[in-house]
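Sequence order for the protein chains is A and B. With the first letter of the first sequence counted as 1, position 205 gets the number 205 in this note's numbering; the numbers rise by one all the way through. Quick note: to get this note's numbering, add 1000 to the position in the second sequence (first position is 1).
No wet-lab data here; the hints were simulated from the structure. Computed from a predicted structure; not experimentally measured. Ideal Cβ positions, reconstructed from N, Cα and C, are used throughout, including at glycine. Check each hint, because a few of them may be wrong.
Claimed, not checked - Simulated restraints on C-beta separations:
{"#": "1", "chain 1": "A", "residue 1": "273", "chain 2": "B", "residue 2": "1050", "range": "42 to 50 Å"}
{"#": "2", "chain 1": "A", "residue 1": "120", "chain 2": "B", "residue 2": "1051", "range": "40 to 48 Å"}
{"#": "3", "chain 1": "A", "residue 1": "256", "chain 2": "B", "residue 2": "1052", "range": "47 to 55 Å"}
{"#": "4", "chain 1": "B", "residue 1": "1123", "chain 2": "A", "residue 2": "22", "range": "20 to 28 Å"}
Unchecked claim - Calculated cross-link-like contacts (lysine-lysine; reagent style DSBU-like; alpha-carbon spacing at most 35 Å):
{"#": "5", "chain 1": "A", "residue 1": "40", "chain 2": "B", "residue 2": "1086"}
{"#": "6", "chain 1": "B", "residue 1": "1105", "chain 2": "A", "residue 2": "297"}
{"#": "7", "chain 1": "B", "residue 1": "1099", "chain 2": "A", "residue 2": "32"}
{"#": "8", "chain 1": "A", "residue 1": "285", "chain 2": "B", "residue 2": "1086"}
{"#": "9", "chain 1": "A", "residue 1": "337", "chain 2": "A", "residue 2": "279"}
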Amino acid sequence: MSIKKTSLNNLHIKYGAKLVEFAGYQMPIQYKDGIIQEHKYTRSHSGIFDVSHMGQLFISGSDDLAIDLEKIFPADLKKLKINQSKYSFLMNNKGGIQDDLIITKTSDGFLIILNAACKYNDYEVIKSKLDNQYKLNLDDSLSLIALQGPEAKNVLNKVIPGCDSLKFMNGNNYVYKNEKVYITRSGYTGEDGFEISIKHSDVETFVESLIENGSKLIGLGARDTLRMEAGLCLYGNDLDNDTSPIEANLKWAIPKSRIETEFVGSEVLKNQFQSGVKKLRVGIKPDSKVIARGNTKIYNDKNQEIGKVTSGTFGPSVEHPIAMGYVDNSYSTVNTKIFLEVRGKKIPANICNLPFYKKNYVKGEINV
Amino acid sequence: MSEVKYSKEHEWIKLDGDEATIGITKHATEMLGDIVFAELPEKGSNVDKDGTAGVVESTKAASDVYTPVSGEVIDTNQMIVDDPSKINEDPEESAWFFKLKIKDKSEMDSLMSKEEYEKFAKETSA
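If we strip away everything but chain A, and leave its shape as in the complex, we get (with noise of 0.2 Å):
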């Protein structure tokens, strides 16, 4: 399978960027002022993310979509307003998650926002269990694009007046050259913003606009280094197959009223909701500055291996070496001494909260 571009590409050689592949997409991992500076930009200031290589799966039909799409994944879809987003899980029979993603509700439908490496796959799984009674359509025509940190609302206000009502976990529909496009706010950084869904003739002029009124171009490795700072799963590394929302230490995206009810993966659920798990996420500060990245053993102070790195990096915000994992939930408490395994040496660390870095949304509701 020949390598995808996405309609920024030339944008992304004319601003510096070192391309990388990731998930069959040909990708910036940074431009050239590099991955702290892009991290702190974001953070200070606003930062644009090319996530076109991201599944838009629009989904449309009768009345009894959300019915039948609540049979696939837990969230209240049935008492979804037009326009509001929730964050979820596609999962398998055993509770594991297949991938997580963001269902927002459409004037006609449902829109899902879905991993790049997982799209094709969610998508056959999707039609399948809907049994092609509704119109499938993974969208390969619009590029997306994240527009994060606090100048966001400024910067895309400018260029397309009237998305900073929007309010988070929000959408709506708005113009921009005379072309519809449709922005969200939320995001993958911890920060305010935005992602704009948006047609690919478009998008090279749109971001250069966004550029001009003084954001710019971030690449993978910042987005990375932001969302582990702000506690955020990457799937694949902090998710996967094996492992359960419960386990994960996402229980709040399962809303209480669908405990109770079926979807896929209900019934693992359900005996994790009332009897615990085994494992469990959580954030991990090392006491040193040495870096413990994925895979990397995790021990008691008896020398027993009780779990996993699934990310770590150094975090540019607050300055420290910064982690998350898995480990055996009776050492899951807050200020619980480890040691991770890093180069046959036993490094002490500490469980901690996430995130790392202090949340920064507009709040619409509250349900975090």
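Following the hints, put chain B in place on chain A, whose structure we already have.
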């Protein structure tokens, strides 16, 4: 005049009598990106040619630092441990890694000159 040579693992080595100063090249720092962690060998320890003698980590990944020659570690640069970003700023001067009392000067013979290294770096990064 002191002699500077380069290894295929992107270290530079400057020889002054039997004392060698070792660091990583500017090209290496450009490939690594922002360096956020450095670990150095212990003073007084002995390191063997092409063996591991430290670690650097960028925001992206960890990389071993190798020693291009054998010898006893007589000094290490605490400045780069305290502030690893200095390695990006001045890799071939103030941000050296460690100094060795070298055992066998002939180990320098297999290393590259500046011109050879620049050609090597260009070819391998293309």
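Tested hints:
The hint said 42 to 50 Å for the Cβ distance between residue 273/A and residue 1050/B, and at roughly 55 Å that hint is violated. In this structure, residue 120/A and residue 1051/B meet the distance hint of 40 to 48 Å, their C-beta atoms being roughly 46 Å apart. One distance hint, 47 to 55 Å for the beta-carbon pair residue 256/A and residue 1052/B, holds here, with the actual separation near 53 Å. Between residue 1123/B and residue 22/A the C-beta distance comes to about 26 Å, which sits within the given range of 20 to 28 Å.
Restraint check for residue 40/A and residue 1086/B: satisfied, since their Cα atoms lie roughly 18 Å apart, inside the 35 Å limit. Distance hint between residue 1105/B and residue 297/A is unfulfilled; the C-alpha atoms sit about 41 Å from each other, more than 35 Å. With a CA separation close to 32 Å, the supplied pair residue 1099/B and residue 32/A stays within the 35 Å bound. Of the supplied pair hints, the one linking residue 285/A and residue 1086/B holds, its CA atoms being roughly 24 Å apart against a limit of 35 Å.
Of the pairs offered as hints, the one joining residue 337/A and residue 279/A holds, with about 16 Å between alpha carbons and a cut-off of 35 Å not exceeded.
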